[in-house]
Amino acid sequence: MKSEMPARRSDVVVVGGGNAALCAALAAREGGAGVTVLERAPRDRRGGNSAFTGGAFRVAYRGLDDLLQIMPELTKEEREGADFGTYPEGKFLDDLAELSQYRVDPDLAETLVKGSLDTILWMRSKGVRFIPSFGRQSFRVDGKARFWGGLTIEVSGGGLGLMESLYTAAERAGVDFEYGARARRLVRERGRVSGVEYESGGESHALRAGCVVLASGGFHANAEWRTSYLGPNWEFARVRGSRYNTGDGIRMAIDAGAMPWGNWSGCHSVFFDMNAAPFGDINFLNQQKNYFFLGIVVNAEGRRFVDEGANFRNYIYSNMGKRLLEQPGSIAWQVFDQRTVGLLPDEYRVRRATRVEAPTLEALAAKLEGVDPEAFLRTVAEFNAAVMQDVPFNPSAKDGKGTRGLAVPKSNWANPLDQPPYVAYGVTCGITCTYGGVRIDPSARVLDVEEVPIPGLYATGELVGGLYYVNYPGGAGLMSGSVFGRIAGRQAAIDSQAR
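If you read the sequence shown in the working numbering, its first letter stands for residue 8, the second for the next number, and so on.
Take the hints with a grain of salt, since some may be wrong.
Label-pair distances were calculated between CB atoms; the ranges are [unchecked claim]:
(1) Arg346 with Arg191: 48 to 56 angstroms
(2) Glu376 with Pro285: 38 to 46 angstroms
(3) Arg191 with Pro352: 34 to 42 angstroms
(4) Asp425 with Thr234: 37 to 45 angstroms
(5) Pro380 with Arg131: 51 to 59 angstroms
(6) Leu128 with Gln108: 46 to 54 angstroms
(7) Ser272 with Arg362: 30 to 38 angstroms
(8) Glu210 with Arg69: 37 to 45 angstroms
If you are wondering where the hints come from, they were derived from the structure by calculation, not from laboratory data.
Just so it is clear, CB atoms sit at the ideal spot from N, CA and C, and this is done for glycine as well.
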């Protein structure tokens, strides 16, 4: 039986349990509000999609002085042995605009970018420790670690470390948690959102709220919605992250009058291990394979089908899963030789990686499951002959070392595959998150179909539409969840206590 609404109350109820949700909860608690978090997952699977990430954050910074505010623990050797470069606000805005093909909501983009550094420093004050992303975002060139692609910092311990720090901070701050609590409906009274109905332990419950913050992710784990909105074959995509992100928060908001917004037919999808489980497994992280730009990628027909060097990997990797899903059998192989295999990061060395190695290309071709071996050998021969040999290779910059005369070019980082032994990794499509959701304003208030804020309702994280279209700059998701989560929590605390 459903309990009566007046039975329990919290100033602010946060729906979800990932990075965006915890930032909202911490900010609301900091504002003096009583906070309850409803997390659909059981306690041992908490953390949402955030727990499955590498913990990288894209933040605007003017140089080393800004980074030292974030990471004062940097040693003299680390400071002098690295070229951290700069990533100004203008470049961050340009990246969001260009990768969305200029569809990004400009007000949300500006709020994200301008709030990024301050939010990172706020998270540090809550106990989140940031470190340079040496292993994934820098290459040693001329004796220095040189960062590339606008992505410089990550959380110590990755996504799991991020969530452990945020949960510790929230628990110490007095945030209440209910696990295994699946939100089902928003309650409205006289036009205002005033509570949440949810299921837990096989029973229905209700929780009255001064304000509600939705932070329960997109619909990447909902096969029905994927095929309805993303299109055919998306039911076959492997779910890279949380199995609990099935669109509940989006559905509840739309049922309450929210405006659907953003790229509903778009998503973040990557090259993912061919034999990975259907859903993300927190015990087997790093199943994505994103350093394809150091080699070539061939489909079942033995053909290349993407420009592996079109841009830095963290600007194009989020569209590769979609490209792969369109290929025969939705499988491919990434192929490397000894010139670059040593540059591959840890995600290529995890357990259960689908990996083959051979002393010759002919022997490798025989091991590439599902691939036409003769066509593969022709593709490699044509590629090798087309590589610009007179341009130096520099993995830390767009080096212009491309190919000539190929129907599918490689624009940068093209090296002939001629240094055995050869190594290949089998991949398929892995979906990380969806881009469609509900519309918010820069104060994280959910807007209705007339573009008027719905009283008492806020949103943050992957269920917010309008930030990403077509492609996605790596590290922007965690950053936007934190920025708008902090805003949502702060505003919800003020709103709930003003009533």
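The hints, checked one at a time:
1. Arg346 with Arg191: 48 to 56 angstroms: holds (55 angstroms)
2. Glu376 with Pro285: 38 to 46 angstroms: violated (19 angstroms)
3. Arg191 with Pro352: 34 to 42 angstroms: holds (41 angstroms)
4. Asp425 with Thr234: 37 to 45 angstroms: This hint holds: roughly 43 angstroms between Cβ atoms.
5. Pro380 with Arg131: 51 to 59 angstroms: Given a distance of about 52 angstroms, which is inside 51 to 59 angstroms, the answer is holds.
6. Leu128 with Gln108: 46 to 54 angstroms: violated (32 angstroms)
7. Ser272 with Arg362: 30 to 38 angstroms: holds (33 angstroms)
8. Glu210 with Arg69: 37 to 45 angstroms: violated (53 angstroms)
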